[in-house]
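Visitor: First to last, the protein sequences are chains A and B. Heads up: the first sequence begins at 131 in our numbering, then just goes up one per residue. Heads up: the second sequence begins at 29 in our numbering, then just goes up one per residue.
Since the hints were derived computationally from the structure, they do not count as laboratory data. These numbers were taken from a predicted model, which means no experiment stands behind them. Heads up, a few of these hints could be off.
Quick list of simulated restraints, FRET-style, between CB atoms [what the hints assert, rightly or not]:
no.	chain 1	residue 1	chain 2	residue 2	range
1	A	R280	B	P224	33 to 39 Å
2	B	E141	A	G339	20 to 26 Å
3	A	L417	B	M29	20 to 26 Å
4	B	E141	A	E316	51 to 57 Å
Some residues of chain A that are not near chain B, with every Cβ distance over 10 Å (derived) [unchecked claim]:
no.	residue
5	D203
6	V216
7	D270
8	V296
9	E316
10	H338
11	L420
C-beta atoms are modelled at their ideal positions from N, C-alpha and C, and glycine is treated no differently.
Chain by chain, the residues run as shown.
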Amino acid sequence: MLSPGFLTTVQDLGRFGYAHLGVSASGAADCLALRAGNLLVGNAENAPALEMTLAGGTFEFSADAVVALTGSDFGADVPMWRPVAVASGGAVRCGASRSGARCYVCVRGGLDVPLMLGSASTHLVTGMGGFQGRALRKGDEIAIGRAEIRRPRAATAPLPAGDTGVLRVTPGPQAGSFGDEFYQTEYEVSEESNRMGLRLRGPALAAHGGHMITEGVTLGAVQVPPGGEPIILFVEHQTTGGYPKIANVVSADFHRVGQLRPRDRVRFQMVSLDRAMELLREQEEWLHGLV
Amino acid sequence: MTILPASDRSLLISVGLEISLAAHREVLRITRALDGVPGLLNLHPAYASVLVEFDLRRTSHERMESAIRERVEAAVHAPDPVPRSVEIPVRYGGAEGPDLEEVARHAGLSPREVVETHSSAEYLVYFLGFSPGFPYLGGMPEKIATPRLAQPRKHVPAGSVAIGGAQTGVYPVASPGGWRIIGRTPLRLFRPEASPPVLLEMGDRVKFVPLEEGPL
Chain A
131 MLSPGFLTTV QDLGRFGYAH LGVSASGAAD CLALRAGNLL VGNAENAPAL
181 EMTLAGGTFE FSADAVVALT GSDFGADVPM WRPVAVASGG AVRCGASRSG
231 ARCYVCVRGG LDVPLMLGSA STHLVTGMGG FQGRALRKGD EIAIGRAEIR
281 RPRAATAPLP AGDTGVLRVT PGPQAGSFGD EFYQTEYEVS EESNRMGLRL
331 RGPALAAHGG HMITEGVTLG AVQVPPGGEP IILFVEHQTT GGYPKIANVV
381 SADFHRVGQL RPRDRVRFQM VSLDRAMELL REQEEWLHGL V
Chain B
29 MTILPASDRS LLISVGLEIS LAAHREVLRI TRALDGVPGL LNLHPAYASV
79 LVEFDLRRTS HERMESAIRE RVEAAVHAPD PVPRSVEIPV RYGGAEGPDL
129 EEVARHAGLS PREVVETHSS AEYLVYFLGF SPGFPYLGGM PEKIATPRLA
179 QPRKHVPAGS VAIGGAQTGV YPVASPGGWR IIGRTPLRLF RPEASPPVLL
229 EMGDRVKFVP LEEGPL
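Chain B extracted, bound-state conformation (with noise of 0.2 Å):
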């Protein structure tokens, strides 16, 4: 674990540069070890670092080292937490999903089955990050990689379910983007009036489930 500054006001936390399931696991670890240490304005975790900044009022760069590194030791051997498991509802295809064809031809695959590969994988949603909701999902299966598009959508509808390269995403909040639409979901990702304001949290594992046949 290294630990250098990021700006005056943050300190960037990494424990290797490559994405694995392990150095999720520590991202994980860190996070929850470092919930309400004193000044602490922000947490991003992320693949494999954890980017914490302060206040510099009721802190230093010096003291928060110094408390993550008492904080992170003292969790070491804190159990990992029972992963939950969340099913989303798709429905593939159609309007809702207008790139599903496009999916489906590149991979050399029928429609249907770019959504039963689609939706027979487990995912594990790494951290949230980018906008508010947004999982950073692992665990797509390589034959339904597609490259993004070459001009992004305008408008990407909130719940929109879109692959981008070898990843894939659910869009909480309407917003311009460049992945391929498959689907949509009716849950609702971010719902800042609700506690908590988010349908995913970091190590959730997600499961698509088709909500019925489309036209594909």
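Looking at chain A on its own, in the form it has when it is part of the complex (with noise of 0.2 Å):
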């Protein structure tokens, strides 16, 4: 790491079977785009890779490497979106983020980091996985793994943007607590915001419903704290809480969340169940095409 960038951490796609522990998942706040970074370097979909935030570090390699860079556009001096091979001796630079949070660089074999409760991502909040349980400094040096699996595909297009300015949901366990004021909320996204959760700020909203009992949450819940402003639950997320949650943030929207930066704008769009399910589908098939 000759210089790490703003926030960069090893992440691969979370770490399951642990949230009755206490233990959320992690992993990338971008899983789309860290899965079809592995994909184009020809790895497994889980290998860890760098995730940056909202400004790029440069890596040196010290040896013959095959990258991809996914995600939001950082800048870097090698091209997104598909397999870029790196001399030994060579480097790749990026800057600052020119659209969302967060750019992967995907080695191909993946980085080689312990796996901790199964998993080499990050848990920034508990100094856990990763990369020694913390975000990389400069000097950090992280060897090469074998995650590959197949040769590196042919260069593709990103994903399809959408309207990123929209997070489709479903609605959450206490839903009919609330008015459909949220539906009607344009949202800015604090700069309070991390890994753990993003804040929102606009108006407050009322809750009608009684007293609950903390009980578990999951990733993308939308929760509302007593002062009434929208907290979105992220990938290190807290298990349980006692907080009303108004709705959930659709699995094919994640990566969405995962891009959202601090002063972005932000509707929430009710869905139905199928629907959900039918957007997912169609992101898989986008997936499955880079194979």
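Starting from two chains that each stand alone, build the complex the way the hints lay out.
Guide: Quick look at the structure:
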């Protein structure tokens, strides 16, 4: 790492099976970009890669490598969304984001870090997983792994962005406690947003329901604390919570949440569970087209 | 038992709306019964509910709901597991329990009486949640309940034993926190390199044991 960038961590697709111990999945904030990048370089989808946030770094390779950059455009000096050969001694340089919040550097073979509870993903809140449980620093060296399973793919186009200012949601467990103002409001993503959650700014929502007791919460849940401004629970979310949940972002839009930046504006659109499945199927078809 | 979608890849099983021992036993039974269901990603047990997250590529809401009903039905007569008893040594007061005096003042007790009260009760681990290894404990005597700090601390060390309202708990990892810190345990409640990675598990009975006479 000649320079790590603003916040760069090692991520895979997450750590599943430990929520009952209080451990949320973590994993790539834009899981679609990570999967696509890995497919492009011929890796297993779940191979660990670098996740850069808002501003990217410079990474030098001490051996010949094949990389693919996916996600948002960080002004890198190599083309995105295609496998690129980097010769030993060469480097990949990235700058500030020109579009969304996160860009991925997937390396053929993946990154070789120890698995913690079955995953290579960094859980920043607990300092677990990834590279020594932390964000990368200048001078860190990471070995390339052996996650390649097929030849690198041909170049591809990025996922059609769609309307990134809209998040599709299904109703949450306490949706009945709220009116429909939520769906008529444009929210602003607050600076106090991170991998745990995205705080939204907008008119306060009033809850009409009775008291609730702490229950399980899942990725993409939109919870409304007493102040009335919603929070989208994200990849490093707490596993249980006591605030009512008005909605839940659909799985097909998790990657959009991962690309939201502070001060971005976002609206919510309710869809049926069937529509949510359809959106996911379309996305999986696009992804499988890369193989 | 009601089962409703919580998202496009999860179901929320509810067994009640209140915190009770009966609900806890039901949650424990359901959680055990669902271990290993095909397509399962995560179980989030809580006071009176279990959130079930699943892999949409391997199952669906309908199939998962039938699997849950079948498994839970089959486990109806499963014996309750014998609860484990776990002792947690605590150094109360001093630098490791900076709020002990304040809790004592609020309760109208001496710090020693707070320690005696806190360490003489037996606690039940309702579930682990919020953050890795954090136990939701029931059973704290009401008389040492103390409101949370108006301004949460930016850094609460791992192992801190604290009181927040009518609840008590132990911070498994260093984090910000607004509970009143009355002591610290040298035990690690979360140790990702070990198996199991947590010291306490749901259903455990817990006692806090004063390590030594603190500077009371």
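Visitor: Holds or violated: the 33 to 39 Å window for the beta-carbon distance between A/R280 and B/P224?
Guide: Given range 33 to 39 Å: holds, Cβ gap about 36 Å.
Visitor: Is it the case that A/E316 keeps its Cβ farther than 10 Å from each residue Cβ in chain B?
Guide: holds (23 Å)
Visitor: Just tell me: holds or violated, for the beta carbon distance of B/E141 and A/G339 against 20 to 26 Å?
Guide: violated (40 Å)
Visitor: Checking the smallest CB distance to chain B, is A/L420 really beyond 10 Å?
Guide: With a cut-off of 10 Å, A/L420 remains clear of chain B, as the shortest Cβ separation is near 16 Å.
Visitor: Minimum Cβ separation between A/D203 and chain B greater than 10 Å?
Guide: At roughly 29 Å from the nearest Cβ of chain B, A/D203 sits farther out than 10 Å, so the non-interface label holds.
Visitor: Is the claim that A/D270 lies outside the interface with chain B correct, judged by CB distances over 10 Å?
Guide: holds (20 Å)
Visitor: Would you say A/V216 is clear of chain B, with no C-beta pair closer than or equal to 10 Å?
Guide: holds (33 Å)
Visitor: Note whether the CB distance of A/L417 and B/M29 lies within 20 to 26 Å or breaks it.
Guide: violated (36 Å)
Visitor: Does 51 to 57 Å hold as the CB distance between B/E141 and A/E316, or does it fail?
Guide: Holds, at about 55 Å.
Visitor: Taking the closest pair, is the beta carbon of A/V296 still more than 10 Å from chain B?
Guide: Since the minimum Cβ distance to chain B is about 16 Å, A/V296 lies beyond 10 Å and the statement holds.
Visitor: Just double-check A/H338 for me: nearest Cβ-Cβ distance to chain B has to come out over 10 Å.
Guide: holds (16 Å)
The structure shown violates the earlier hints numbered 2 and 3.
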